[in-house]
Amino acid sequence: ETGVTQTPRHLVMGMTNKKSLKCEQHLGHNAMYWYKQSAKKPLELMFVYSLEERVENNSVPSRFSPECPNSSHLFLHLHTLQPEDSALYLCASSSPQIQENTGELFFGEGSRLTVL
Amino acid sequence: GQNIDQPTEMTATEGAIVQINCTYQTSGFNGLFWYQQHAGEAPTFLSYNVLDGLEEKGRFSSFLSRSKGYSYLLLKELQMKDSASYLCAVSSFSGGYNKLIFGAGTRLAVHP
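In order, the protein sequences belong to chains A and B.
Mind the numbering: the first sequence is residues 1 to 116 in my numbering, read in order.
Mind the numbering: the second sequence is residues 1001 to 1112 in my numbering, read in order.
Don't read these hints as lab results, they were simulated from the structure.
Just so it is clear, CB atoms sit at the ideal spot from N, CA and C, and this is done for glycine as well.
Each hint should be verified, as a subset may be incorrect.
What the hints assert, rightly or not - Below, computed lysine-lysine pairings styled on DSSO-like, alpha-carbon distance capped at 30 Å:
id, chain 1, residue 1, chain 2, residue 2
1, B, Lys1068, A, Lys41
2, B, Lys1068, B, Lys1057
3, B, Lys1068, A, Lys40
4, A, Lys41, A, Lys18
5, A, Lys40, A, Lys18
6, B, Lys1057, A, Lys40
7, B, Lys1057, B, Lys1076
8, B, Lys1081, A, Lys41
9, A, Lys19, A, Lys40
10, B, Lys1076, A, Lys41
11, A, Lys40, B, Lys1076
12, A, Lys41, A, Lys19
13, A, Lys41, B, Lys1057
14, A, Lys40, B, Lys1081
15, A, Lys22, A, Lys41
16, B, Lys1057, B, Lys1081
17, A, Lys40, A, Lys22
Unchecked claim - Derived coverage of chain A by chain B (criterion: at least 3 residues anywhere in the stretch with Cβ under 8 Å from a Cβ of chain B; other residues may be distant):
id, stretch
18, 19-30
19, 84-97
All chains, full assembly: derive it from the sequences and hints.
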C-alpha cells in the first residue's frame, strides 16, 4: 500500500461521542498535517507534526486532540464535537524542501465527518 | 495577515484554454503551489513556482510574479476530466515542514 491513507472515510457521531480519525503514510515523510475542509471555505490548517513533535496548533478547540505516535501514523481524537465541526478532515504528509524536492504535500482522501 | 484570492467558479468549453488567477498577501513566502481536487477525492499536486516566470508541464502551465503577489494556472486543450476545483496555496517553510495556506479554490466546469 502506498500514499496517504485515511480511515474511516465517513463518520457520523453524536455530540457526546468520542471517536478517532486515523492517517497512515508510507512515503517516508517526516511531517504530517491535519486540515479541515468546509464547503466554499479554504482548507484550514489545524495541526502539524514534524519528526513526531507538534509544531503548529492553529487555535484549534481542545475538543480536537491530535496524536502522532510515530512518523507514519497520525490520529485526530474527537470529543464532544459541535454540529459546525461537520466537515472533511484531510491528512497530508511531506518531506523537507531540499535540492529538487518541492516539499509538496501529499493528501489522503479525507474523512467526511457529520456531527448530529 | 494572510489573504489568498481566486475566483469561485469558472466555466469553459472542451478543447479551449482557461486561465485561473490567484492573488496573495502573506507574511511569508517560499513559493506557490497549485493543486487539483476532484469532488470526493484528495487534492493532488499540479505545480510549484518559487521564482518569477512560467513553468510548463504538459497541458498545464503556472506563472508567478512575486512583486505583484500574483499567479495564474493555465490549462490548455481542456478535457472533460479537467472539471475539478483548483486550489492556490502559498508556502512558508519552517523547520523542515511546509506550511501551506490555501485559497478557497476555483471550481472549473468544462462543457462539451
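inquiry  = Flag every earlier hint the structure violates by its number, smallest first.
reply    = Hint 18 contradicted; others consistent.
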